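Protein sequences appear in the order of chains A and W.
Numbering follows our numbering, with no gaps: position 356 of the first sequence is 356.
Numbering follows our numbering, with no gaps: position 606 of the second sequence is 606.
Be aware that a few hints might be false.
Among chain A residues calculated to face chain W with C-beta under 7 Å, some are [unchecked claim]:
no.	residue
1	Thr-19
2	Ala-185
3	Phe-186
4	Gln-196
5	Thr-263
6	Gly-264
7	Ser-329
8	Gly-330
9	Gly-331
10	Ala-376
11	Asp-440
12	Asn-462
13	Ile-636
14	Ala-663
15	Leu-665
Worth flagging that the hints you see were computed from the coordinates, not collected in a lab.
Source: prediction; values computed, not measured.
Quick reminder that beta carbons are idealized off the backbone N, C-alpha and C, glycines included.
2 protein chains.
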Amino acid sequence: MWGGRFLTKDNKLNNSYETLEPLFNPKSVAILGASESKYKIGYLQVKALLDGQFSGEIYPINRKAKEIEGLKCYPSLSDIPNDIDLAIFCLGAEQVQQALEDCAQKKVKAAIIFAAGFSETGEEGVKQQETLTELARKSGIRIVGPNCVGLVNLSNGLIGTFSPAILSVPLNDQRGVGYVSQSGAFGVLTYMAAAQNGLSFNYFVSVGNEMETEFSDIIEYMIHDPKTSVISGYLEGAKNPDKLRSLAKEALDRNKPIVVMKTGRSIAGSRAAVSHTGSLAGSDKVYDAFFKQSGMVRADDYEDIISFSKLFLSNKLPNGRNTVIVTSSGGRGINEADRCEAYGLNIIPLSSKTTTEIKRFLPNFASASNPVDLTAAASVSNPELFIAPLRALIEDPDVDNIIFTEFPFSWTAENPLLQEFIDICSRSNKFVFITTFPLDGMSLPPGTPELVKNGIPVIPGNLNPIRGLAKLVEYSEYYRKNQEANVFNSSKKIEKQRLQSLLEPGTTLSESQASVILERYQIPTTKRVIAENPEKASQHANKIGYPVVLKVDSPDIPHKTEADAIRLNLKNDQEVKKAFNEIKRNALNYKPDAKINGISVQEMLPDGVEVIVGASKDPVFGPVIMFGLGGIFVEIYKDISFRIAPLTRKDALEMIEDIKGKAILKGTRGKSSYDIEAIIDVLLKVSALVTDYKDSIEELDINPLIVYENGIKAADAMIVVGNKVDDKATIRG
Amino acid sequence: MWGGRFLTKDNKLNNSYETLEPLFNPKSVAILGASESKYKIGYLQVKALLDGQFSGEIYPINRKAKEIEGLKCYPSLSDIPNDIDLAIFCLGAEQVQQALEDCAQKKVKAAIIFAAGFSETGEEGVKQQETLTELARKSGIRIVGPNCVGLVNLSNGLIGTFSPAILSVPLNDQRGVGYVSQSGAFGVLTYMAAAQNGLSFNYFVSVGNEMETEFSDIIEYMIHDPKTSVISGYLEGAKNPDKLRSLAKEALDRNKPIVVMKTGRSIAGSRAAVSHTGSLAGSDKVYDAFFKQSGMVRADDYEDIISFSKLFLSNKLPNGRNTVIVTSSGGRGINEADRCEAYGLNIIPLSSKTTTEIKRFLPNFASASNPVDLTAAASVSNPELFIAPLRALIEDPDVDNIIFTEFPFSWTAENPLLQEFIDICSRSNKFVFITTFPLDGMSLPPGTPELVKNGIPVIPGNLNPIRGLAKLVEYSEYYRKNQEANVFNSSKKIEKQRLQSLLEPGTTLSESQASVILERYQIPTTKRVIAENPEKASQHANKIGYPVVLKVDSPDIPHKTEADAIRLNLKNDQEVKKAFNEIKRNALNYKPDAKINGISVQEMLPDGVEVIVGASKDPVFGPVIMFGLGGIFVEIYKDISFRIAPLTRKDALEMIEDIKGKAILKGTRGKSSYDIEAIIDVLLKVSALVTDYKDSIEELDINPLIVYENGIKAADAMIVVGNKVDDKATIRG
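Looking at chain A on its own, in the form it has when it is part of the complex (with noise of 0.2 Å):
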């Protein structure tokens, strides 16, 4: 499944957020469903609009009640004297179609359906579906659910949701972080433990089984609202990748950050592979390399999703890794240090003349090295200590993030000392946040409100917002890399070459096979001939030149080591004689049925060092490519990279910086470096050569590959081939 399942069929209706406006800004709304019954959704439904001052018309449908909640009821929705933008479906599966019938009468322009028994319960459910979509689609109505707790929009008051739960909690002023989730129960969850640590999403979007409007489209909603600044979402499965991975492009050219929570890495599954890419790529390794390639922030957990947003919300850039911990625990002051350290950034040492001002100000027994600690005297009877170190820790150059572990609770928004704190921060670029201990009334200071104002996030220490500082710089770093001309290009056009009689469906390619496809592509391969018999073989070995190889060549024995069917280094038609027989008889002992295309005669080549490059389709996103050291380095360290095709000359280049044996490739100990630039362009290569045939190769292997200090070789290579081969001209982006 190659992407586009929700795209529409015709290409018209599902391509514009802008459709979507009714569905978060309706000027009137229709409940369906609604009641009188106090604990059925229909009432609490029209209770959560009337409770949210919900600014637009709202008109209750019931066929007997004159008003529910003061508010007048009209028996069916064609006796609404008035356009009807959204309309709520607060009625069983069974009610949904026809209630549907008479929105696209009504002309309603957005439904949100909560109803549970549609594709999730089996068969049925999806062909009850399928109709739904179809309806919707022709009548333009856009439609969040069905199987959805609803939507909400705390700027307008449109609470449409059932769910007591997200009723519960206060409404906070908007704070412009939009929210959307694949799960409901999960989704409520995360809000409300937001609004508790004092993060309140402005919108909350539960996306339910995704029948007409899907996880992406929402994003796109988003990233063009004006009064989002901040993006979050809680993800199972991406159903339109292509479609995220140019949102997420969109959005960082727009500085407008995306927070996904992606679940399920457990249950990624292996699947069959014959290659190593095929077995190494499991599913959620490419869901990384997703987030890497497009720029969207990955959060691990919903504390992730609250912290990262907190601190995304501050519409500041951290300069670098370069971080100082201010506190009044000597404890926790280590511990937030360890943790800085565990998630890459960077403790440092404080220059004497920054140790010099703490000093002047601290009193003797504290430390004003770092962390620096100002002692409990600080937090508790003197908190004027927190302005001084401040102050000169904003005048080092070397300082990019400051990080205080406590805050003074004495300083209310009227204190002076917290506008001076306040005032240092401002007129600073360095990135300042306050963590705190997460104990019940004491995890946000009085002067909490008025710092997150101004740009100072306050968080709970248990949401992780050092992994959240962490993930900011890298987005920074990744901000600013997206501002320069021309890293997200590949430096030059590959031109699509063809191959139709080269991929026979339903095949594995031997090494000669695919050695030529790979020439095509202009990837360099070894001299090599093909030898029905030893004599021939010893007649190829004199024109290729001593020394040679002797490999098997055959589609049904990829691993030709552990069949013992490979003899290197040999020097002489004695050798090459002897090799050919061992082989054949190793291979048919290996695999008593394998096709043997017959002995492949090889030059020798010289050493350099072994890297495998790969190629593997993933369910989800099509083509990925595979980098690593080869051999035991793939094979026991897994040091290995990957990223979704096509690659960018950038993609390329941070697959190879991924992995740790970069250091080798770079040159250790006075070694001199590796041709880098030439595996760059094999990677540039083999992933033009699979997304032109995305659609017939399903798995590639280039293992090994020799690089040198000038050039490279491919040394061996395989191609699986699916069923289907499209060799029309296709577009890489």
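With chain A held as given, fit chain W onto it using these hints.
Showing chain W alone in chain A's frame:
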């Protein structure tokens, strides 16, 4: 500093936990500096004992006051007619010495000293503290502090602290967890956070400056205290690591888990070191080794302390890693499953029998695979859905652990379903616990006390309970191994060898010098002779037999490859002579003032797997052993493991198991296994060597040590000798 700093000079007072009894269970307490003024520590302390309903006598000491809070005051200690077990000093630093002298006079048995202003302030303070220590030891007074927050014993109401934070925590039932902290503030925060999450420590001890009584003394007391089932602590640096290590063994024998948060990973700092081992052995890695060897459980954060303690309190040990999640939110289920996999627990597929059994009772849209999703209906309207799956999972022999991510709020203590749930769990040896979503007022369901009482922990998800379960499984494995005979002993006694003539103080030994030492401990080395000129070299080569290796032999050139002063696989006289000259020239170019003993002519060893065995001296723990695969595996992948000497056979085995590269040693792709017994043998011999000469040998590298299918050989070695050489017989434990 080789441990023992806190052992007493006369080795008498400090080695018995029994003398700590008056600190924890005094019959009478005198409060020095008791006060009528409600804001003074001297008042708060009196009030705390009264509020705690302390079971013993309370004697406030105040020169003027007649009574405080209804208790009769005494003008001085000597005026009290009865014996005093414990004195609590609510006094400034300047009054402490006189007061301690008074205590000695009165034969007070123990004291708590809050005052700061001693060793933490510098030289003068260190001296004052030493005077106090001497006084305390002479008079046999056990002391907690100075510079501490005090001591709490919830079983007798001894609230020996002034901390308003601790006083604000309600006194729950005692629950069997003792807690000792090297940080006052962090200790108090953890104490409060634990209480807010339903866990009261039965003891809280802030050890402050550890003047007379230190961290491990308190641990020792708790090990012998029948009221303590789990010991927890916060540690910045062990003052007496040897004692802690032997206590850990004792605790393990008694199945009394010790959970310790050790901070300071980031400030470990690296020392200048000549050997690989020296530069890689950061002190935090050595602490990790310490935890692994001792069976103590390392916590990374205060959350870990709370959740690990709660899990360990259940008093059940998991049988393995096979884990099933039961949830009523698909999202939470996946999220917790991800965490399980991340921490090394197995989310197993359920057998068809179990699946069928679960399906019989669940609605058709629920999921009977793992995670088992009961859907929202379970927690809200049909809580009885929790029972049937539990019963089926308890019956399944493949399941070790069952985690519920929700628990019905309607199940109060009287609810028969709660009792049924508990009964099912109690009759099984499977580990069951509940991890809740941490929302205010929702994280501890009403059934919690009943569940906990019956060994079913209930832990808010933000406290990392899944990591806790993984740690509990590890502990359980360790505990069971400990019960097997002899795994902690090395298999044979290795005699101490006399080396005094070989260990010249303050020098680095060349390969040939180091090899002689290795040979004394029967570690196999290469055949070699030192040649002074090219002719001698070729003569030696002929005797040894071609091919040979030539290397510079110099204490000043430990890294021969870097100096290009090594030539391998020399096949004849001519090659040897040429190599001799090149090596000499390169060595002198590399380091013109190097002392060169000559050029070492050695047998050329056949290929094998290159490993490295090393030792270095840790400032806290003394000699530390390192093991890893050689070359880039050490340098780039840091695939190494550490243990503190002396090693047991179990330690040596685990060092090999710890590294990823063990797969190579065990034979990959059908290759046969290498001689792992020989590696263990070398590890134990090196351990013996550096333990025998722990005052002399600063660093040691055997690199490479070449391992064969049968046998092993040290191909190169170096030793750094410290300034002091002690050749006396030492005891190895």
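Okay, the hints, checked on the actual structure:
1. Hint status for Thr-19 (chain A): violated, given a least beta-carbon distance of 28 Å to chain W, over 7 Å.
2. Annotation: Ala-185 (chain A) was flagged as interfacial toward chain W, and the flag holds, the nearest CB pair being 3 Å apart, inside 7 Å.
3. Hint on Phe-186 (chain A) holds. Least Cβ distance to chain W is approximately 3 Å, under the 7 Å limit.
4. The interface hint given for Gln-196 (chain A) holds, since its Cβ lies 5 Å from the closest Cβ of chain W, which is under the 7 Å cut-off.
5. The closest approach between the C-beta of Thr-263 (chain A) and any C-beta of chain W is roughly 4 Å, which is under the 7 Å cut-off, so the hint is satisfied.
6. Using the Cβ-Cβ criterion of 7 Å, the hint placing Gly-264 (chain A) at the interface with chain W is satisfied: the shortest such distance is roughly 5 Å.
7. A hinted interface residue such as Ser-329 (chain A) counts as satisfied when its beta carbon comes closer than 7 Å to some beta carbon of chain W; here the least separation is about 4 Å, so the hint holds.
8. Interface hint at Gly-330 (chain A): satisfied, since its Cβ lies 6 Å from the closest Cβ of chain W, which is below the 7 Å cut-off.
9. Hint on Gly-331 (chain A) holds. Least Cβ distance to chain W is approximately 3 Å, under the 7 Å limit.
10. A least Cβ separation of about 6 Å between Ala-376 (chain A) and chain W falls short of the 7 Å threshold, and the interface hint therefore holds.
11. Checking Asp-440 (chain A) against chain W: minimum C-beta separation of about 5 Å stays under 7 Å; hint holds.
12. Checking Asn-462 (chain A) against chain W by beta carbon gives a least distance of about 5 Å; that is within 7 Å, so the hint holds.
13. Against a cut-off of 7 Å between C-beta atoms, the interface hint on Ile-636 (chain A) holds, since the closest Cβ of chain W lies about 5 Å away.
14. The closest approach between the C-beta of Ala-663 (chain A) and any C-beta of chain W is roughly 5 Å, which is under the 7 Å cut-off, so the hint is satisfied.
15. Of the supplied interface hints, the one on Leu-665 (chain A) is violated, with its beta-carbon coming no nearer than about 11 Å to a beta-carbon of chain W, more than 7 Å.
Comparing the model with each earlier hint shows violations of hints 1 and 15; every other hint is respected.
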